[in-house]
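Chemist: Here is how the chains run, residue by residue.
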Amino acid sequence: MSRFTANADGGQVSVFNPRQADTQKKKSHKSSFRQQKLPAWKPVLTTGAVCLALFIIGLLFIPIGIALSATSANINEVKIDYTGMDKSSSCFSCWKSSSWNNTCKCTVPFFLDRSFDSTVFMYYGLSNFYQNHRRFVSSRHDSQLNGNMESLMEPSKDCEPYAFRDNKPIAPCGAIANSMFNDTLDLFRNVPTVGDVRIPLTGKGIAWWTDKHMKFKNPGGQDQNLTTVFQGTSRPLNWRRPVSELDQDPENNGFINEDFIVWMRNAALPTFRKLYRIIHKTKKMPTLARGNYTLHVVYSILHRVLHPTSNHISSVPKPLQSDYPVRSFQGRKWVILSTSSWMGGRNPFLGVAYLVVGSVSLFLWVVLLVLHHQNNNP
Amino acid sequence: MKNRSQPAARMERLQSVQRRCWQLLAREPGRSRYSTHDDLHTKGSLDSHIPLQKWRETRRSILAGRGHRQHEVKDMARGYQGNAICTTKYSILTFIPLNLFQQFRRAANLYFLFLALLNWVPVVEAFQKEITMIPLLVVLAVIAVKDALEDYRRYLFDKNINNKVVQVYCGKKQAYMERCWKDVQVGDFVRLSCNDIIPADILLLHSSDARGVCYIETANLDGETNLKQRQVVSGLPLQGVEFTPESFHGRIECENPNNDLGRFRGFMEHPNGTRVGLHSNNLLLRGCTIRTTETVVGIVVYAGHETKALMNNSGPRYKWSQLEKRLNVDVLWCVVLLFVMCLTAAVGHGLWLKKLQNAVFVTDEETPPALAGFYVFWTMIIVLQVLIPISLYVSIEIVKLGQIYFIQNDMALYDQHADCRIQCRALNITENLGQIQYLFSDKTGTLTENKMVFCRCSIHGIEYPHAENARRLKLYETEKNDVQSACGGDSSCINPSLAHPHTLPVEAKEVIPDPDLVKKLSRLRSPPLPQGVCSCETTSLQEAASVMDFFLALAICNTVVVSSPRQPPNTVAEAQTSGEDMKMMFHGVSSSSLSAFPTLAPSEIREKPRCSNSVLTREKTATFTCSPPPGRTVNHEVTVETSQCRRRLDSPHEEHMENNSKNMTDERDADDALLYEAESPDEAALVHAARAYHCTLRGRCADSLTVNLPGLGTVGVQLLHVLPFDSNRKRMSVVVRHPVTGQVVVYTKGADSVIMDLAETPKGAEQAAENYDYIRQQTQKHLDGYAREGLRTLCIAKKVLEEEEYEAWLQRHTLAESSIDDREELLFDSAERLETNLTLLGTTGIVDQLQDGVPETMDVLQRAGIKVWVLTGDKQETAINVAYACGLIRPGDRLLMANCESKEACTELLEELKLEVQREAYPSRRTPEESSSGFILIIDGQTLAWALKEEARSFLEVSSSCKAVICCRSTPLQKSQVVRLVRDQLNVMTLAVGDGANDVSMIQAADVGIGISGQEGMQAVMASDFAISRFKHLRKLLLVHGHWCFSRLANMILYFIYKNVMFVNLLFWYQFFCGFSGSVMTNSWVLIFFNLIFTSAPPLIYGILDKDVAADRLMRMPELYHSVHTSQVYASLAFWFTVLDAFYQSLVCFFVPYFAYAGSDVGELSFGSPINASALLIILLHQVIESHTLTWIHVGVLVLSGGSYFAFVLIFSVCCVTCSPPTNPVGVEVLQMSHPLFYIVCALTTVTALLPRFLFRVLYNTMHASAPRQAAYGDRARRAKYRRRMRHQNLKLCVANRQPEHPDAASLELSTESVVF
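Protein chains in written order, with the working numbering: chain A, 1 to 378; chain B, 1 to 1317.
It should be emphasised that the hints constitute simulated quantities derived from the structure, not laboratory data.
Everything numeric in this text was worked out from a predicted model, so none of it was measured.
Among the hints, a few may not be true.
[As the list claims (entries may be wrong)] Computed beta-carbon distance windows for the label pairs:
#1 A:Ile56 x B:Met1263: 22 to 30 angstroms
#2 B:Trp1136 x A:Trp342: 39 to 47 angstroms
#3 A:Gln35 x B:Asn195: 48 to 56 angstroms
#4 A:Thr228 x B:Tyr111: 38 to 46 angstroms
#5 A:Thr228 x B:Val123: 37 to 45 angstroms
#6 A:Asp117 x B:Trp1136: 32 to 40 angstroms
#7 B:Ile398 x A:Asp249: 54 to 62 angstroms
#8 A:Arg290 x B:Trp1136: 53 to 61 angstroms
#9 B:Ile398 x A:Gln35: 14 to 22 angstroms
#10 B:Val123 x A:Thr282: 52 to 60 angstroms
#11 A:Trp342 x B:Glu130: 38 to 46 angstroms
#12 B:Ser753 x A:Gln35: 47 to 55 angstroms
#13 B:Val123 x A:Thr119: 41 to 49 angstroms
#14 B:Glu130 x A:Ser88: 53 to 61 angstroms
A virtual CB, placed ideally from N, CA and C, is assigned to each residue, including glycine.
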């Protein structure tokens, strides 16, 4: 039987039997779909049709470009490098003196030549810091950070070699948490008559709402005493304090500490900034008026253990440096003060790019128009 | 060419061998039943040379009988396979392991597996372990579901088949019981009724037909719808009465199951030791249908998978597609690209790591940079895996299925006559249709209708032009389109075979007799008055006898089955009564020219008084009422003759003619009921022709034929043997006892070349020999004339055997017939022995009309740049004529004839032709458009054989510069050799189209094999990749579907590669900003789904639905077809162009967001978000630019794809809190998409990325939009001009080379006159 043939392999062959074939089936359906005659738009991209498109692109992009440039230009931004590369700077000496003193302070004076009128965002910036390194990125335990008690005691293998310390689980585990930025920054305005006035910095609201309320949770719920919750865990190697002592405010302590949360969101590029504090706009006064300012940097001593030889580190770490270390990888540290707009921070690139693409489109439009004209009237 | 089913088949074979071994071993102890073998072995004279071991291996033994030997029978049946069939590949338990095993034999899946496993190595792990499994799982699941559905379909089908009910004899109850097919076993007696489907291979033991025949229809097996006759095993009496299996105690020995449908060998041994040979004529094959026979009983010989039908089961062939070969090169380049990228990352990572000391973000500082680089290499392979477009292979399969769906649904490829659509049997070579460079075509049935209509004949050296008939044929041709299948009417419901194409519409088959011939036939009935010139009378009498013999041969020398819608075929035959006394007009001949025509010696001729309504017969009855009993005395005959003559004289001639014509119509009324079902259309045409001259074949049974003869009425002709047609012998013969003379006569019908050689000058009287020579010469002349006219010629010859001669031959022939092992060879020899010293009777010319639309199609194909070769088994003249008729040869063309007598001459000739072609080719090469007028090589089979063997290169050189090549007299093997030679040596895409079994090898050899489901069974269709019903369908199939399929697939592949390169490069650029560490800025789910879901459907739609040029334009301008495959040269250019564009787009797509976000507080995933979104937009819009047509389906799919991405990432970013560590997307996309910056970046990126491609398209379209049209126009004008010029020249120069276009009818007539004088 022909059907056997159809059956033999794959079975895809249509059964052929001239007589018994169902005539109704055989009579091909004349639908336009089956006959491939569906009404179709044929995008024949010829000069005439395309001129319009180019013109529209040009017409749209140039105003957008202008708007973007203007917006970008209106954004105030100041970058203060406090790496301490210069020997004269106080931060240099701080870096040099690796004493057992609890802290080392350095100050960086700077001058604002424009007043910042709207809310100012204060960032710390690092360069050459590869927070996006593959092994680094994965060296965290999201479940632990989400308040899972089991994960707290059993950190994921991804965290290694920062998973256990003295046979105690590290909370929060992993390299990201371990390398948390820990310079304390303060801003003072030098008012000639009064002296240094501390600028009020708000640390609340610097983390994403979703992070603070969904992604990061302290183990055991909100009302728990964090010290007891984190009992039996160990602090990360480089940390001075356990995670339960990050802040006095219980709303900002433990895993839901906003500085911690901000740090835990990996930056996309090796040179990045992270929001540190917000200087809210006060009534009628410019947020940061034109004038002299001083940046106070308080270094905590960072315990550096760069080569953990085993998963369970028992040796007492040696203090090596007092500041947040970036020099080993030719990094820099900044404080950035910036206002914001609908398009985010200052970025002249987008405006320029829009203008360029818009102008190119218009130029091509002209060229094609001429070509088209010539083609039609040879 | 890869046969997918091969391993499976091999496995089956292995299993069957094992089974057989096991059976043999198991049987060894119980030898009692085999004791007969031993004495058989010693006894059997035929088989004495076969060692015992071989005997057992090649035979199976079946014990019949359900009574006392039941145990034995059961034992036996256990050894053989039951009738249950199982065509499924898997069972529920074995599905998963077996299917996985099958799937992992594909390299693509192994690659996926490798990647998945690689991801489990901790140091190189790139994603979550589960995620890299997804592509693999998806691909496996898709294919597994497809396989499972197919298998389930097969299972249902098997179940359906297995549970069919059949009546099987039950030994206990002594009655036939209903049983399922699957319970039928070897050795069972099965009773079948009319229209039952045969459940297993059954040996026919009993038929309700008194003559022990049974008719089966094998349409299910080979597609042939004519009835075939099967014969009860000879030596079994009891036909017609109830058959009791109890009384049957024979033992059947036959060969082991094999797949040869036409062969069955064995013997049946009765309890008394007599043996009867069995052959295929006794076997009812599984799957066939019993027709027109009330009941039959048979014993099951082979069951289930051992039946011939199932053994013949080979699945669809797998041909490699050309495009896929090229694709593999592209994929290889992708691999190279991947390697380079991974290496870059590895080296970069090593260097980067070396520079760093004590960096807080380096978690693993113990690993030396070099080793870390090495690890990164493998990580990158996982990360960039998408670059290797493995899913492309799956996509291509899906796209091809879609393309095939559309091809099959095309109304333009639907033939209303046959109610059949194009069948796509090969699923993976659709795009090959778009690249055909050489087309090899069969002639008969492919270019022509293969509806044979008798046109003219030449008997005894005299041509009968049948002018009236020719006029009618012409008329018919013009009306052909209106004539719809005429057999649809009342009769079709009774006999389904009416729908069979061989039974032509009546108008077409009907032959208007030639008046001359009618006159001669009537003169036969009323011999002229004895005239003075004796020789003249002798000649005319000889001639008359020849005419008579000629038509008798036409009527009986065939295997035509006669059936009548009112009566089953067997009863038609019963109407005859033979053996009644009758005297013949042959007596006159016998008295005067016995020496030349010994056949015509009188014998017992009986007339049936009542039956015929022929005037002649009535006259005869009147004349011979007092005719004496049969005698052989010449004197007696003479008296009768004179009396008859006198009687004749009285009747005026005109009146007789009138009567005759009236009688004709009467008879036609009676005969219209007869239906002829022939194996080949030629036979049917000849039988119909004979009928026009009142030589009507009325019935056929195993050993006799019933024929209406003019002047004789219905007579029975004892059929002694049929030596069936054989392509080696190129002839068939019947051995009959002549109804008139009672002598044993061999009538042979066959190809002219063979018969003319065999019909040698008989020894005997000099004058007769001379005369005969003259007849032969004339006949040869007519043959050539017919061939020039494009007619198919067949020669008819006869031979009278002396009784002793016959006896001698018969003895050896019987021996051959009963032989089991070399039956075929022995029968062949036997036939050869018989068919010698034939006497030529005449020749027939059968017209085979050109299919409609063939010339147009030929023209279009040639304009499309396809070289057409015609490979035919026909005569050279016929082939050339058909080539002229179908426009392959144009008036301006020069014919190069290659007919050589020897190998050396062949070599020489080819060299000569080569020079000639080169000399001429140069001037014309300057303007390629002029190639439309060129050389045509015509080569005959003998020369072709030498050319193929020795001079392949020069043959190719000559033929490749010819516009067309015609190979005539070629064998099937040569056809495939030619195709293979061209395909392999010239490295071109070849297409072979044919309709008959002789084209099968050619169809299989070509890159694309097309079968025409025509008049000659289904073998060609079964072997083909595509089966069409008309040659003209090739036009749309190639020009439109081929073009589309190719351009669609080629574009889709490019698009697919573009898509992958573009997307993967985004990840690659990121490596420069993450220390080459293998980081990605995307959530890994999005990364995997990007290729698997979000951008998978648009390319499929693009590959299935895109139309680069509208169908009607493709049909109008075949030159566009050519442009597709010339652009192949630039294919690699297109590949690199695409890759470069992909690089550019990915650069834009990455660096615009990079600069937009550089230095900001952007997080890793937030950075990836606009990149992914714009990449998606770019990829989708890129397709819009590249698409030539957009329908609502395109739009829908594009919108859905885009929508699915945004829906997925948004939902994911809301819901997935910890589900995808370490790249948790929670909040990212929602936040990003709430910023205007996101849209600003996406817009800029998309526009900038697509601008160059956009502009390129514009410029390309502007430059190319009108180019083909102008080119085509210019082409045509120039060609027309050139053709005019060439025609002018050729008229002067090439007359010698040219074959006359039309045969010179006048000269033919002249020659016939000179014969008749």
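Chemist: So, for every hint listed, does it hold in this structure?
Modeler: Hints, verified against the model:
no. : hint                                     : in the structure
1   : A:Ile56 x B:Met1263: 22 to 30 angstroms  : 24 angstroms, holds
2   : B:Trp1136 x A:Trp342: 39 to 47 angstroms : 43 angstroms, holds
3   : A:Gln35 x B:Asn195: 48 to 56 angstroms   : 38 angstroms, violated
4   : A:Thr228 x B:Tyr111: 38 to 46 angstroms  : 53 angstroms, violated
5   : A:Thr228 x B:Val123: 37 to 45 angstroms  : 39 angstroms, holds
6   : A:Asp117 x B:Trp1136: 32 to 40 angstroms : 55 angstroms, violated
7   : B:Ile398 x A:Asp249: 54 to 62 angstroms  : 59 angstroms, holds
8   : A:Arg290 x B:Trp1136: 53 to 61 angstroms : 58 angstroms, holds
9   : B:Ile398 x A:Gln35: 14 to 22 angstroms   : 21 angstroms, holds
10  : B:Val123 x A:Thr282: 52 to 60 angstroms  : 54 angstroms, holds
11  : A:Trp342 x B:Glu130: 38 to 46 angstroms  : 40 angstroms, holds
12  : B:Ser753 x A:Gln35: 47 to 55 angstroms   : 48 angstroms, holds
13  : B:Val123 x A:Thr119: 41 to 49 angstroms  : 46 angstroms, holds
14  : B:Glu130 x A:Ser88: 53 to 61 angstroms   : 56 angstroms, holds
Figure legend: structure checked against the earlier numbered hints; hints not met, in rising order: 3, 4, 6.
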